[in-house]
Amino acid sequence: MNSMHYLYAAYIATWVIHGTYLFILVRKYSRVRKEMESLRK
Amino acid sequence: MKRGFPLLAIVTALLLSFALYEALIAAPTEQTMGNVQRIFYYHVPSAWTAFVLFLINFVSSIIYLIRRDSKSDIVAFVSAEVGVVFCTVVIVTGPIWARPVWGIWWAPGDIRLTTTLVLWLIYISYLMVRRLSTGGKTPVIAAVVAIFGALDVPLVYFSIWFFRTQHPSPVIGGGGSLDPRMAHVLLINWVAFLCLAWLLCWTRYELEVAKRKVEEAQALESMLEGSR
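Protein sequence lines correspond, in order, to chains A and B.
Residue numbering for the first sequence follows the working numbering, starting at 1 and increasing by one per position.
Residue numbering for the second sequence follows the working numbering, starting at 1 and increasing by one per position.
It is worth saying that the hints were derived from the structure and are not from the lab.
Treat the hints with care, as some may be off.
Once the Cα atoms are required to be at most 27 Å apart in a straight line, the calculated DSSO-like pairs of lysine-lysine come out as [as the list claims (entries may be wrong)]: (1) B:213 with A:28; (2) A:34 with B:2; (3) B:137 with B:71; (4) B:2 with B:71; (5) A:28 with B:137; (6) A:41 with B:213; (7) B:71 with A:34; (8) B:211 with A:41; (9) B:211 with A:34; (10) B:137 with B:211; (11) B:211 with B:71; (12) B:213 with A:34; (13) B:213 with B:137; (14) B:213 with B:71; (15) A:41 with A:28; (16) A:28 with B:2; (17) B:211 with B:2; (18) A:28 with B:71; (19) B:2 with B:213; (20) B:211 with A:28.
Per the computed footprint, the stretches of chain A lying under chain B, defined by three or more beta-carbons under 8 Å from a beta-carbon of chain B, are [to be verified]: (21) 4 to 12; (22) 19 to 33.
Using N, Cα and C, we set each Cβ at its ideal position, and we do this for glycine too.
Could you put the whole structure together from the sequences, leaning on the hints where they help?
So this is what it looks like as C-alpha cells:
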C-alpha cells in the first residue's frame, strides 16, 4: 500500500465515524418524535 | 431548534470543505513522511476538540454536583458523548498514520498511546454508566466518574513532555518547528472541527431535552393510569 492509500483511509475513516454518529442521532430523533406523537394521541 | 442552527450548519459545512481542501491540496508536502503526514490535519484537531469537550464535561459535572440542575447534567452527558466520537477518530487515525511511518500499527507500552486509549475507555465507561445505571443517583455517579476521568486528560497531553515516547513531540511549545503554512492549515481544521463539535452537541442537547420530556410525560401517564 502506498502512502496515499493510508491518507485516504484515515480521512474516509474520520467521515465514516462522524457519519455513523449522525445516523445514530437521526434514528434517536425519529424514535423520540414517534413517542411524542403517541403521547399526543 | 433555534434560528442560529441552520446558520451554524452552513458555516460548518463551508469550513469543513475549505479545511479539507487546505489539508489535501494547499498544505505543503512534508519532506520526510510525504503525503501521509496530512493525516496530522485530522488527527491533531480531533484530539484537541476531544480535550475541549472533556473539559466541558468536567466543568459541567462539578457544576451539577454543586447545583443539581438538569441543564448542567445534560451538557456533561452531551459533551462526553461527542468527545468520545472525536476521541475515536484519534484512536483510529493514529495507527493509520503509524503503519507507514513507524512500520507498526501500535506501539505497545508507549505512554501517549496507552493514556489516550485509557482516556477513551474511561469515557466509554462513563457513557455505559449513564446508559445502564438506573435510579435517581445516576447523574451523581456519572459526575464523579467524569471528574476522575478528566484527570487523564493532562496526563495524555503532557505525557510526551515528561516521558520517552515514539509519538512526535508537541506541535505547540514542544521545541519542534512547524512550517507556518502547516500551522495555518492545522488551525483552520481545528476551527472547522470545533464548529462540527458545537453543531453535534447542540443537536444532541435538544434531542436529550426532548427525550427527557417524553420520559417524564410517559411516567406521568402511567401514574395516572395506575391511579384510575
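### Task
Starting from residue 213 of chain B, check that the Cα of residue 28 of chain A is at most 27 Å away, please.
holds (14 Å)
### Query
Is the hinted pair residue 28 of chain A and residue 2 of chain B satisfied, with a Cα-Cα distance of at most 27 Å?
Satisfied, since the Cα-Cα distance of roughly 19 Å is no more than 27 Å.
### Query
residue 211 of chain B and residue 71 of chain B: Cα distance at most 27 Å?
holds (13 Å)
### Message
Just to be careful, I want the Cα atoms of residue 34 of chain A and residue 2 of chain B compared with a cutoff of 27 Å; is the pair within it?
### Response
holds (21 Å)
#### Entry: residue 213 of chain B paired with residue 71 of chain B [C-alpha distance capped at 27 Å]
holds (13 Å)
### Pairwise hint evaluation, residue 137 of chain B against residue 213 of chain B, where the allowed Cα distance is 27 Å at most
Within the cut-off at roughly 19 Å; holds.
### Message
When I compare C-beta atoms, does the segment 19 to 33 of chain A have three or more residues closer than 8 Å to chain B?
### Response
n = 6 at 8 Å, threshold three: holds.
### Straight-line alpha-carbon gap residue 28 of chain A to residue 71 of chain B, limit 27 Å
The given pair, whose Cα atoms are some 20 Å apart, holds under the 27 Å limit.
### Task
Given the hint that residue 137 of chain B pairs with residue 71 of chain B, test it: the Cα-Cα distance must not exceed 27 Å.
holds (16 Å)
### Query
Between residue 211 of chain B and residue 2 of chain B, is the straight-line Cα distance small enough, at 27 Å or below?
holds (17 Å)
#### Entry: Verdict on chain B covering the segment 4 to 12 of chain A, criterion of 3 CB contacts below 8 Å
holds (count 6)
### Query
Are the Cα atoms of residue 41 of chain A and residue 213 of chain B separated by 27 Å or less?
Since the Cα atoms of residue 41 of chain A and residue 213 of chain B sit roughly 16 Å apart, the hinted pair holds (cutoff 27 Å).
When the structure is compared with the earlier hints, no violation turns up for any of them.
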